[in-house]
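Hey, can you piece these two chains together into the complex? The hints should help.
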Amino acid sequence: MPDKHFVIPRQDINREDFTSSIPDFNRRAEIMKTDMGYKCIVTNIVQLTKQEKLFKLRIIDPQERGIFRFKPGQFLMLELPGYGDVPISISSSNSNHEFIELCIRKAGHVTSALFTLGEGAHVAIRGPFGSAFPMDEMAGNNVLLIAGGLGFAPLRAPLFWINEHRERFLNVHVLYGVKEPSQQLFTYQFDEWEKISHITLHTIAEHAEEGWIGKTGMITDLFNDITIDPEHTYAIVCGPPVMFKIVCSYLDKLGIPMNRMFVSLERRMHCGMGKCCRCMVGSTFTCVDGPVFDYWSVINLKEAI
Amino acid sequence: MIYKVIAKSEFKRFTDALLRDNTSFGPRQVDTDSRGTAVYQFLPVSSSDDVAFDYTATASSAKHFFLPFREELSRFTFNDQEWDQQITYEANPIVLIGLRACDISALNILDDVLLNGHFPSPYYLAKRKNTFVIGIDHLPLPDCFCKSMSHHTISTGFNVFCSDIGEDYYLSINSSKAFNFLKEFETRDPHDDDNCRLVERRKIISNSFLSEVDVTALPSILDIEFDSPVWEKWGNKCLNCGTCAMVCPTCYCYSVEESFDTDLKGASRQKKLYSCNLVDFAEVAGGHNFRPKNGDRLKYRYYHQHRGFAENANQQICVGCNRCGRACLAGINPKDVINDLRMEKESCLTNISSSPDRI
Chain H
2 MPDKHFVIPR QDINREDFTS SIPDFNRRAE IMKTDMGYKC IVTNIVQLTK
52 QEKLFKLRII DPQERGIFRF KPGQFLMLEL PGYGDVPISI SSSNSNHEFI
102 ELCIRKAGHV TSALFTLGEG AHVAIRGPFG SAFPMDEMAG NNVLLIAGGL
152 GFAPLRAPLF WINEHRERFL NVHVLYGVKE PSQQLFTYQF DEWEKISHIT
202 LHTIAEHAEE GWIGKTGMIT DLFNDITIDP EHTYAIVCGP PVMFKIVCSY
252 LDKLGIPMNR MFVSLERRMH CGMGKCCRCM VGSTFTCVDG PVFDYWSVIN
302 LKEAI
Chain W
206 MIYKVIAKSE FKRFTDALLR DNTSFGPRQV DTDSRGTAVY QFLPVSSSDD
256 VAFDYTATAS SAKHFFLPFR EELSRFTFND QEWDQQITYE ANPIVLIGLR
306 ACDISALNIL DDVLLNGHFP SPYYLAKRKN TFVIGIDHLP LPDCFCKSMS
356 HHTISTGFNV FCSDIGEDYY LSINSSKAFN FLKEFETRDP HDDDNCRLVE
406 RRKIISNSFL SEVDVTALPS ILDIEFDSPV WEKWGNKCLN CGTCAMVCPT
456 CYCYSVEESF DTDLKGASRQ KKLYSCNLVD FAEVAGGHNF RPKNGDRLKY
506 RYYHQHRGFA ENANQQICVG CNRCGRACLA GINPKDVIND LRMEKESCLT
556 NISSSPDRI
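Protein chains in written order, with the numbering used here: chain H, 2 to 306; chain W, 206 to 564.
Treat the hints loosely; a few may be bogus.
[What the hints assert, rightly or not] Calculated pairs, BS3-like style, for lysine-lysine (alpha carbon to alpha carbon, straight line, at most 30 angstroms):
#1 W:213 <-> H:246
#2 W:540 <-> W:408
#3 H:196 <-> H:51
#4 W:477 <-> H:107
[To be verified] Quick list of the computed label-pair ranges, beta carbon to beta carbon:
#5 H:253 <-> W:206: 54 to 64 angstroms
#6 W:520 <-> H:37: 45 to 55 angstroms
#7 W:445 <-> H:197: 49 to 59 angstroms
#8 H:98 <-> W:465: 54 to 64 angstroms
#9 H:231 <-> W:206: 28 to 38 angstroms
#10 W:287 <-> H:193: 50 to 60 angstroms
#11 H:47 <-> W:437: 18 to 28 angstroms
#12 H:193 <-> W:485: 58 to 68 angstroms
Calculated from the structure, these hints are not laboratory results.
Quick reminder that beta carbons are idealized off the backbone N, C-alpha and C, glycines included.
Here chain W stands alone, though its shape is the one from the complex (with noise of 0.2 angstroms):
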């Protein structure tokens, strides 16, 4: 990793030459919402103008540049009684801009759940090859919990990150491709100052977190509380959207289907995000469900959103960023289910034994 320091004048021109040349998307205001504050999502930008480098956080996350809503996974071509499967792992190189540390965290979490495994994906690995990633930090919102899944600082997975420090941009670079085109700009070695400024600026992030949740030891609460009534509550309120699994960041779950062309003439082979809050997801043919209730499908999501699986090494695969809290027509947010969750066995305790007396 390089440091440098970047005037903001001259990032922007450094944006300028980038977007301008490149298929690149960076956060623009689309709306307003009820309550009027506005809302954000990733969409083509083609000069720094556009992008709106002072978002709070976009209502859907990067994840679909690099997994899409739909995929196509290969294309069957048929002829008389003949077929011919064929497959291309393609993808055009695009520039992300804007990036925030928890959508960056949540890209090397998907990396780690698509690319280590047993099988790693060569769909997703052209995608993530060619896209040029740069993030910038940002002061959280009310509801983020970024900090207590500790994803509210980065250190991989981008190819710049700017830290604001007033008049500059404190620069992280992580490629040599992008260490080539910063070149070509003003930039300067950080100084001591600039040094002290950084520090300060991560401390105010730091510090700026209004929602917390306490993670400790989830996954064998998680473990414990698999009867709990909690689950029942909130399964119940739960509509069955699937909403919260298509604004996460690191929710990849897909089902695969085929279709003929109209002229019958192919079929392609289609990969389509999913949800295991969806009433199908765990049925088998002949209609059994293995998870029939709200309240089982509910807990599965949380299952696999904080005690993880074996594909990341049984790491929690939130990042905190509270996305499906913000999106959910129910009002069920994570952050109340985990502490309902541990108020759960916590009310029982009647008989906590006091510190014992000094001797």
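Same shape as in the complex, but just chain H (with noise of 0.2 angstroms):
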């Protein structure tokens, strides 16, 4: 008998008709991309303060421009060659369709890069990933956003949300604490919500500087200033683990039900996918089930907080 020669093709799944168990595979990749980045352009860089940067993209493709869209809460994954990605909550209003605005502090290895970065410069973003803040579920009510430090990041997308459809929500009121007053992000924009979008913004600093002429305490000093609804609130908080912990248990006790109470979490992510597993609370994806959990979901997982 002669001698078989048995050659194994290869199945190539770069191709376009490759079909594969999971029949949404390439229609997915149309929608979001995960591996591969849009490369944008940096159209502005605004120093916000000592450690922050407000950076403006632009998706240079227009058709993947036409592509991008996200809901208030989601982040993405900021990617700067040779240096590595980093997840970053999306501060812009998501009707803006032309530019994304990302505040980064500088924290790690990548965020310093980004630091050197000037104006024209090229970085790719991957997503956007993740859970968003119900909106249109708290239409109807009182919103109570809560944010402390870098916290008030993530919180710009939904306070534009609200603010561009302002008339489905009842009284708005930002209570925003920080560690010094110099520490305040996006101050010029603090008489546009307050005067033209009537939201009405409590600031505080726990340490006052000179010239400081606002209050100084804990961010929960600010609950005394302003009646909260229960029956007809809802709260968003962003800010470091220990203010979810004394913000939340209070607004517990006052009666504002925990499914209606949320959160941004913050972990280390590097795939932003479910897949690395280096986000994982509990027995859940920050990147994929979060970041935005509700305060029940967020009690019921181990080491959350």
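What follows is the structure in structure tokens.
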């Protein structure tokens, strides 16, 4: 019997007509880029504070720009070739289809490199990933936005949404606490929000600096200034983990149902797709099931806050 | 599935033909350990003589053919101020021979996790599609507990699976590719007698498990025992080396790192397998570590292994091969940890009511 030869043919999954066991594999790639990034140009950089900069990005390819849509609360992976990628929450309005704004703190390897960029530099973004704040569910109610420090960045997207659909909401309060007054973000928009959109803004700083005429104390002190109707109030809380505990348990005592309080969690992420497991909290992924969780889910997750 | 019976000599000719013309990997003895037992690994093979068909278990698992330690996700080329990104989902066809039932089970679990979630991984898919898997059943090692996890038998995830029934192999053929290859060789349909021998073989395998782990309601026990001192006890032993995750057939957690080429003309984005036992696994920018203690990280590994996560519908992803227990430098064995966890609360049952008297 002659020698048999069996060479296993190669199956190429790069091919267009490839049909895998996953039916929407090709279609999904059109909607959402997960491995290949959208190439963006940095159109504007604003130094907000000593540590934080606001990057304004524009997706270069017009077709890709048309595809990229997100919801308030979602994040994207910002990629600087050669340095790596970092999860950044989107802080611009989701009705702004031209530009994406990202508020970034210089904290690690990649963000330090990002801070050396000038206008006109090219970066890539992947996404958007994650869950969003249920803005439609909140309509018809009072909204309480509570931010601590850099936590204001993810709150800016829902705040924009509220501004654009102001008539759908009753009273809107923003409580914003920082360590030092100089760390306040987006101060240039405070007037616009208060006077045009009728959003009540309360700020407080832990340590007063020279020239600070506002309040001094912890964020919880701001609750004395407002009256909360627990029946018709939704809360969005974002800040350091310590703040979640204090603020959410306070709101819980007031009687706001736990499923009407939303928090945005922060974890290290490497993929954004629920594969690398770096952002696991309890049995869920911050990148796929989060970063926006309602407080009820959060207290059910071990080690969440 | 099609069942055939093939004589062992004919099977040898089949594997020879297959292994010669393809990039093939099979179990081979690489060394003996301090106790004199043979150490096997999946290494390149070119004929059936290279394959140690009677091997016990390999030290590393077969996952590394699908999830290599280091894998390039994408490549950047720089040109002045400009850069370009290239991605190719490429894999060359390989033949894997001699996988055990639990190894194939582990691949099925990885399929579940990496292909059925929100974001199927094309890198994994390319490799999985281009792999020809030949499985062979075996008698378990004394410390295997696959049976407790019900992964000692397998019905999907392979191209051919061979059960040793004396002079012949009882083949389960699960792909047209394998069926077409086997057409060229002398096989026969199983007789009643062969079926009996298969059942007998399965019975022998099933009865030779010496280790057993009680996993009933383990997910809820893990939840209840989240703050148990058991974790601190075992955590204090753990060296945070991450060996368990490296040898585990289902551990897939990774980190992504980017590095410039030395000529600065390009950069590469690489995925590296990681372990949740390594200290910086849950560290965020700014230095806060969400799992700072050894016990926290060890607990997390057991959570992932035995409770499973949303991506695979909260199934247990441990297959019970006990590679981690064998490889652990500190002697931490999943069987002992789980039993300890169970005993933790059972030890306080001082007052169990006896069964009621007969009336």
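Status of each hint after checking the structure:
no. : hint                                : result
1   : W:213 <-> H:246                     : violated, 66 angstroms
2   : W:540 <-> W:408                     : holds, 23 angstroms
3   : H:196 <-> H:51                      : holds, 27 angstroms
4   : W:477 <-> H:107                     : holds, 25 angstroms
5   : H:253 <-> W:206: 54 to 64 angstroms : holds, 55 angstroms
6   : W:520 <-> H:37: 45 to 55 angstroms  : violated, 31 angstroms
7   : W:445 <-> H:197: 49 to 59 angstroms : holds, 54 angstroms
8   : H:98 <-> W:465: 54 to 64 angstroms  : violated, 34 angstroms
9   : H:231 <-> W:206: 28 to 38 angstroms : violated, 60 angstroms
10  : W:287 <-> H:193: 50 to 60 angstroms : violated, 37 angstroms
11  : H:47 <-> W:437: 18 to 28 angstroms  : violated, 48 angstroms
12  : H:193 <-> W:485: 58 to 68 angstroms : violated, 41 angstroms
Checked against the numbered hints given earlier, this structure breaks hints 1, 6, 8, 9, 10, 11, 12; the rest are met.
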